[in-house]
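Novice: Chains W and C, in that order, are what the protein sequence lines are.
Counting along the first sequence from 1, when you hit position 32 you're at 32 in the numbering used here, and nothing is skipped either side.
Position in the second sequence (from 1) plus 1000 gives the number in the numbering used here.
There could be a bad hint or two in this list.
Below, computed lysine-lysine pairings styled on DSBU-like, alpha-carbon distance capped at 35 Å [said to hold, decoys possible]:
id : chain 1 : residue 1 : chain 2 : residue 2
1  : C       : 1068      : W       : 14
2  : C       : 1104      : C       : 1042
3  : C       : 1056      : C       : 1068
4  : W       : 9         : C       : 1042
5  : C       : 1042      : C       : 1099
6  : C       : 1056      : C       : 1042
7  : C       : 1056      : C       : 1104
8  : C       : 1099      : W       : 14
9  : C       : 1056      : C       : 1099
10 : C       : 1068      : C       : 1042
11 : W       : 14        : C       : 1104
12 : W       : 9         : C       : 1104
13 : C       : 1068      : C       : 1099
14 : W       : 9         : C       : 1099
15 : C       : 1071      : C       : 1099
16 : C       : 1104      : C       : 1068
17 : C       : 1071      : C       : 1056
18 : C       : 1042      : C       : 1071
These stretches of chain W come out as covered by chain C in the derived footprint (C-beta under 8 Å, 3 or more residues) [said to hold, decoys possible]:
id : stretch
19 : 33-41
20 : 98-110
In short, the hints are calculated from the structure, not lab data.
The beta carbon of each residue, even a glycine, is placed where N, CA and C say it ideally should be.
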Amino acid sequence: NAGVTQTPKFQVLKTGQSMTLQCAQDMNHEYMSWYRQDPGMGLRLIHYSVGAGITDQGEVPNGYNVSRSTTEDFPLRLLSAAPSQTSVYFCASSYRTGVTEAFFGQGTRLTVV
Amino acid sequence: GESVGLHLPTLSVQEGDNSIINCAYSNSASDYFIWYKQESGKGPQFIIDIRSNMDKRQGQRVTVLLNKTVKHLSLQIAATQPGDSAVYFCAEWGGANSKLTFGKGITLSVRP
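Using the sequences provided together with the hints, build the complete structure.
Specialist: Spelled out as structure tokens, the structure:
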């Protein structure tokens, strides 16, 4: 049982490039979400999903897309990277909506130059 | 022990003392209030939660207090240990809108 696995751990992108941050969980959790963490800003919700085939926007969705084709995977796509997207990204999962215990991955540190 | 609000970034306590971390929340409609701990280089980890209809809940060495009158949440850590050094976040579960909203976090530093 690996929990929540994020790849890659580190990434450097040039402005305008696109990429996908991968997130997979093996706990059969219904609820998955993506956060970004910036100094002094705490964790801000980007997108979330309450189950396969269902996604919704969080607090800071602009510049990011998500999809949830399976229960296990919840990739985050950066469409055209900008320096403002330099951040640490965390994926999290919970057993279901309304459960307060979220399990987080180790994070992806992204730098956009 | 010492207490400090989340407007101050760092709380420093002596090993063995009690720590009190405070948080002010804004959404009275939240169903749950939660504390997470984030160690350096890791993702946040759930510590304890409290439902909005309760005012106190105890865990192992931790107690969470909820004062709905003044919209205040606190985390008390008994006999603080070096392993408690981390950033602590309070969070709210938005209920029907299914969102976990985090505060900005405070660093707890334990002096040996």
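Novice: All the hints need checking, so say for each whether the structure fits it.
Specialist: Right, here's what the structure says about each hint:
{"no.": "1", "hint": "1068/C - 14/W", "verdict": "47 Å, violated"}
{"no.": "2", "hint": "1104/C - 1042/C", "verdict": "16 Å, holds"}
{"no.": "3", "hint": "1056/C - 1068/C", "verdict": "11 Å, holds"}
{"no.": "4", "hint": "9/W - 1042/C", "verdict": "11 Å, holds"}
{"no.": "5", "hint": "1042/C - 1099/C", "verdict": "21 Å, holds"}
{"no.": "6", "hint": "1056/C - 1042/C", "verdict": "28 Å, holds"}
{"no.": "7", "hint": "1056/C - 1104/C", "verdict": "23 Å, holds"}
{"no.": "8", "hint": "1099/C - 14/W", "verdict": "32 Å, holds"}
{"no.": "9", "hint": "1056/C - 1099/C", "verdict": "23 Å, holds"}
{"no.": "10", "hint": "1068/C - 1042/C", "verdict": "31 Å, holds"}
{"no.": "11", "hint": "14/W - 1104/C", "verdict": "29 Å, holds"}
{"no.": "12", "hint": "9/W - 1104/C", "verdict": "23 Å, holds"}
{"no.": "13", "hint": "1068/C - 1099/C", "verdict": "20 Å, holds"}
{"no.": "14", "hint": "9/W - 1099/C", "verdict": "25 Å, holds"}
{"no.": "15", "hint": "1071/C - 1099/C", "verdict": "19 Å, holds"}
{"no.": "16", "hint": "1104/C - 1068/C", "verdict": "20 Å, holds"}
{"no.": "17", "hint": "1071/C - 1056/C", "verdict": "14 Å, holds"}
{"no.": "18", "hint": "1042/C - 1071/C", "verdict": "29 Å, holds"}
{"no.": "19", "hint": "33-41", "verdict": "holds (count 4)"}
{"no.": "20", "hint": "98-110", "verdict": "holds (count 9)"}
Comparing the model with each earlier hint shows a violation of hint 1 alone; every other hint is respected.
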